[in-house]
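Asks: Heads up: the protein sequence lines correspond to chains A and B, in order.
Reading the first sequence from the start, the letters are residues 1 to 120 in my numbering.
Reading the second sequence from the start, the letters are residues 1 to 110 in my numbering.
I should point out that these hints are in silico values taken from the structure, not numbers from a laboratory.
Here a beta-carbon is modelled for each residue, glycine too, at the ideal position from N, C-alpha and C.
Do not take every clue at face value.
What the hints assert, rightly or not - Some, not all, of what chain A presents toward chain B, calculated at C-beta under 10 Å:
#1 Gln41
#2 Pro43
#3 Glu45
#4 Tyr55
#5 Gly57
#6 Tyr60
#7 Tyr61
#8 Asn62
#9 Pro63
#10 Arg67
#11 Val87
#12 Ala89
#13 Asp91
#14 Thr92
#15 Asp108
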Amino acid sequence: QLQLQESGPGLVRPSETLSLTCTVSGGSISSTSYYWGWIRQPPGEGLEWIGSIYYSGSTYYNPSLKRRVTISVDTSKNQFSLKMNSVTAADTAVYYCARVIVGTGRFDCWGQGTLVTVSS
Amino acid sequence: QSVLTQPPSASGTPGQRVTISCSGSSSNIGNNAVNWYQQLPGTAPKVLIYTNNQRPSGVPDRFSGSKSGTSASLAISGLQSEDEADYYCATWDDSLSGPVFGGGTKLTVL
Chain A
1 QLQLQESGPG LVRPSETLSL TCTVSGGSIS STSYYWGWIR QPPGEGLEWI
51 GSIYYSGSTY YNPSLKRRVT ISVDTSKNQF SLKMNSVTAA DTAVYYCARV
101 IVGTGRFDCW GQGTLVTVSS
Chain B
1 QSVLTQPPSA SGTPGQRVTI SCSGSSSNIG NNAVNWYQQL PGTAPKVLIY
51 TNNQRPSGVP DRFSGSKSGT SASLAISGLQ SEDEADYYCA TWDDSLSGPV
101 FGGGTKLTVL
């Protein structure tokens, strides 16, 4: 059964870089049928798509975050990662990684999420 | 401000039927399939309805979805206490070149 697990620091200082990794188990990140994405949810608010990556390294990002975000993939470790620079308190959120079915935009399997707080 | 518009809240009593609307535009709902996610308190979202009206295995047939033009709806019949959750519509947006979510609807079972 496919599982996704986010990992990374729970506290990031303002102006620094947020770094998270999603480890995929029970399936291959190199499948041609899926993209792999990041979504975030500020406390008490809705969902916001951050960006997605294909196993080949092809990426697409939310235009509102593109300037600050980089998503990468490591197929040897079955992992993909998120880096967001110049963070502010507005970036405080639960960050989810998820599998995306190619051609549908559907996030069919999610990690449990990890809370990242931006504070000094 | 979400690209897709949902009512912030909805409610019903056990056994009732409730509907949740999702309004978009020609660049998103009007031209792409709609998915619905259910987020139970403290958990990650899960797919409830995909491709407008399809249910994943394990989702009760009390849940149904529909789409017409630039709007979509989620209907829940025979409301149960365990249906109390946040519900999000989502689809692809051709202008954004990426997926978009509605703002979410908090369903309360009275």
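Asks: Hint numbers the structure violates, sorted upward?
Replies: The structure breaks hints 2, 4, 5, 10, 11, 12, 13, 14; every other hint is satisfied.
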